[in-house]
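2 protein chains.
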Amino acid sequence: MHIKQWHMKHTGTSRRTEQGDDAVNVQGESAQGRMSRVVTELIAVLTAVRDGVPQVMTIDDGRLLPSGPLESGHRSLQAGVRSWVEQQTGHPIGHVEQLYTFADHDRTLHPEQGRSISISYLALTRSEARETGWRDWYDYFPWEDRTSESRKEITNLIERRLCAWVAGMTDLETRMRQWQRCMALFAIGDGGGWDDELVLQRYELLYEAKLVMEAACPPNQAIPGRYMHRDHRRILATAMARLRARIRYRPVVFELMPEEFTLFQLQRAVESLAGCHVHKQNFRRLITQQQLVEETGRIEEKTGGRPARLFRFCGEVRRARQFAGTKLPIVHSG
Amino acid sequence: MHIKQWHMKHTGTSRRTEQGDDAVNVQGESAQGRMSRVVTELIAVLTAVRDGVPQVMTIDDGRLLPSGPLESGHRSLQAGVRSWVEQQTGHPIGHVEQLYTFADHDRTLHPEQGRSISISYLALTRSEARETGWRDWYDYFPWEDRTSESRKEITNLIERRLCAWVAGMTDLETRMRQWQRCMALFAIGDGGGWDDELVLQRYELLYEAKLVMEAACPPNQAIPGRYMHRDHRRILATAMARLRARIRYRPVVFELMPEEFTLFQLQRAVESLAGCHVHKQNFRRLITQQQLVEETGRIEEKTGGRPARLFRFCGEVRRARQFAGTKLPIVHSG
DNA sequence: CGCACTTATACTCAAATTGAGTATAAAATT
DNA sequence: AATTTTATACTCAATTTGAGTATAAGTGCG
Chain V
1 MHIKQWHMKH
11 TGTSRRTEQG
21 DDAVNVQGES
31 AQGRMSRVVT
41 ELIAVLTAVR
51 DGVPQVMTID
61 DGRLLPSGPL
71 ESGHRSLQAG
81 VRSWVEQQTG
91 HPIGHVEQLY
101 TFADHDRTLH
111 PEQGRSISIS
121 YLALTRSEAR
131 ETGWRDWYDY
141 FPWEDRTSES
151 RKEITNLIER
161 RLCAWVAGMT
171 DLETRMRQWQ
181 RCMALFAIGD
191 GGGWDDELVL
201 QRYELLYEAK
211 LVMEAACPPN
221 QAIPGRYMHR
231 DHRRILATAM
241 ARLRARIRYR
251 PVVFELMPEE
261 FTLFQLQRAV
271 ESLAGCHVHK
281 QNFRRLITQQ
291 QLVEETGRIE
301 EKTGGRPARL
311 FRFCGEVRRA
321 RQFAGTKLPI
331 VHSG
Chain W
1 MHIKQWHMKH
11 TGTSRRTEQG
21 DDAVNVQGES
31 AQGRMSRVVT
41 ELIAVLTAVR
51 DGVPQVMTID
61 DGRLLPSGPL
71 ESGHRSLQAG
81 VRSWVEQQTG
91 HPIGHVEQLY
101 TFADHDRTLH
111 PEQGRSISIS
121 YLALTRSEAR
131 ETGWRDWYDY
141 FPWEDRTSES
151 RKEITNLIER
161 RLCAWVAGMT
171 DLETRMRQWQ
181 RCMALFAIGD
191 GGGWDDELVL
201 QRYELLYEAK
211 LVMEAACPPN
221 QAIPGRYMHR
231 DHRRILATAM
241 ARLRARIRYR
251 PVVFELMPEE
261 FTLFQLQRAV
271 ESLAGCHVHK
281 QNFRRLITQQ
291 QLVEETGRIE
301 EKTGGRPARL
311 FRFCGEVRRA
321 RQFAGTKLPI
331 VHSG
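From first to last, the protein sequence lines stand for chains V and W. Sequential numbering of the first sequence, starting at 1, is according to our numbering. Sequential numbering of the second sequence, starting at 1, is according to our numbering.
Derived by calculation from the structure, the hints in this document are not laboratory data. The reader is advised that the hints may include incorrect statements.
[What the hints assert, rightly or not] Think about it this way: if two alpha-carbon atoms lie no more than 27 Å apart in a straight line, the pair counts; the simulated DSS-like pairs of lysine-lysine are:
hint	chain 1	residue 1	chain 2	residue 2
1	W	Lys-152	W	Lys-280
2	W	Lys-280	W	Lys-302
3	V	Lys-9	W	Lys-152
4	W	Lys-152	W	Lys-4
5	V	Lys-210	V	Lys-152
6	V	Lys-280	W	Lys-152
7	V	Lys-4	V	Lys-280
8	V	Lys-9	W	Lys-302
9	V	Lys-280	V	Lys-152
10	W	Lys-9	V	Lys-4
11	W	Lys-4	V	Lys-4
12	V	Lys-210	V	Lys-302
13	W	Lys-280	V	Lys-4
Working from the sequences, and respecting the hints, build out all of it.
What follows is the structure in structure tokens.
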């Protein structure tokens, strides 16, 4: 067994995590007098990559993630998510992964029914169709895209606002600790490099600093970035963080790619999801070494330069090949 | 951004995952006619390491994980887990992490109330006290401990049983695919090395092959390993896999260690959790390089050989030091 | 056509990391 | 005093990683 490195990540107990989303204030009591009755809601962060830009499926003009109650017809939780996500997109979903479950006090639409439990999922699809409802990831989280040209401006703005926020604190101890947190999360000064997986922690910091609309901040203070109702933007942040973590260790990007693709298109997808650039030659080396893709023989001509070979994902083929040339269990008589 | 390698893990759609734990057959309908009413249960996998052996807290003579309903007094889901876990152990819990949420059809104790949603958590504690209820991890999963002497015997037994299972299949295609799965998961033949994170997948395979008691197998077929009611053994498997994944990337082992420890004790803890050995000298190098620990100045004498230095975890100190010597945001008048 | 420009692909090389070993130190046991 | 046990320091080669150069093969434009 090998351990490469142990990363220190911020596990700051945000006010919101403890008293916000996770808070529950149960009203309906069961016959046992202790078990609480709750209503179950399923929320999906459906993601696709279109023209090298990560998209998320939304409803209500981009202000809500698709979500719906667990219905009696659903065989399972995952089936429930699949069923109405496919209803919305008309396309089959590949990878589906549970994100987080929380009890939310904002979600009490029907107080007489008790509080609700929300179960969020990350779903990936290849859908390139022009359905309505798709929005850019980075419309909601502009600061998470470190490949854009406007990256410097938004970073500077955030830095100034955070600086002012910290400066307003009376306790020196707190001020120092919070400023250190700002530096680490937004890679200010020598606080370390940018960690693309800390999407949620950054959003929570901005929320605490009242720099996002959801935190009831003064409109002129809000950092650019689309607003979402309830805590759906927070759920999106969770999904982004999860997906960014996944693409490092698992070949899930292929769920988002078309059947055939060039290595550069693959790289673009990874870069857009991670929000930062990768070294082109090394990326190619990595992909080809691992034999996750195979040439289709065809060529993509419209690259704007030298034509590129087209590849396809061959995860299944690999398994089969790995199997070939291995001893089988002896079958006794038939 | 860098991607090191993309691992191919088994994502075989086990019968159980699709129709078992996750299955829900809702009965009670809400006033809206679609929203289903459910009862919420919290389940904790509370883990400690005692004398270099991972332990899990159980009730009902080791046949159940501590679990209880979400109560009206609980401020949040996590608070609910903390509250009754501390009730059972009397010790504060460190790391608490959500594992998975599922709707279970086995769990219908009160059909008139509708099905139940179970939310499982992984909790870590330093408790070394001699409470009852603690059980060895590997009482439930003997094959997951690759450091024990009996490792060969259990591996051979499993290999024989799986071989027989596969041999009984009529379809050649299926037989080959399943045997390949067996080889990969249990590192049989040249199917690759042992992956200590595939705890759940291995358990599911044994379940499918009807080699564990939970799968209603003939008693003489069952592989050694303690039985648990409902699907609690499966939840334990999920927790083990999660913890094994975590210790690679995060310094969570320290949550399980006493205040002071020798580097070898730390290594023992990691090895026992991962279920396999690590290179002693390299482990030391890794730990000291990352500056996660600092010497206490004291010495442990009872090592059986040369005395060892005692260390303590210094994650908090590190953050503070990292902060020192960095520009602060200027405080305007006050 | 030659030219600048674009993208694709192959290859090199040094730095860093990792896996695995040897060597030595300081205690207990025999 | 010799042996055993554990702790700790150090070496070294293989591999991986980060970053670069070089070349190939298209486009558009004068």
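For each hint, the structure was consulted:
no.: 1; hint: Lys-152(W) / Lys-280(W); verdict: 23 Å, holds
no.: 2; hint: Lys-280(W) / Lys-302(W); verdict: 19 Å, holds
no.: 3; hint: Lys-9(V) / Lys-152(W); verdict: 39 Å, violated
no.: 4; hint: Lys-152(W) / Lys-4(W); verdict: 32 Å, violated
no.: 5; hint: Lys-210(V) / Lys-152(V); verdict: 21 Å, holds
no.: 6; hint: Lys-280(V) / Lys-152(W); verdict: 45 Å, violated
no.: 7; hint: Lys-4(V) / Lys-280(V); verdict: 24 Å, holds
no.: 8; hint: Lys-9(V) / Lys-302(W); verdict: 35 Å, violated
no.: 9; hint: Lys-280(V) / Lys-152(V); verdict: 23 Å, holds
no.: 10; hint: Lys-9(W) / Lys-4(V); verdict: 19 Å, holds
no.: 11; hint: Lys-4(W) / Lys-4(V); verdict: 11 Å, holds
no.: 12; hint: Lys-210(V) / Lys-302(V); verdict: 46 Å, violated
no.: 13; hint: Lys-280(W) / Lys-4(V); verdict: 14 Å, holds
Violation of the numbered hints given earlier is confined to hints 3, 4, 6, 8, 12; the remaining hints are satisfied by the structure.
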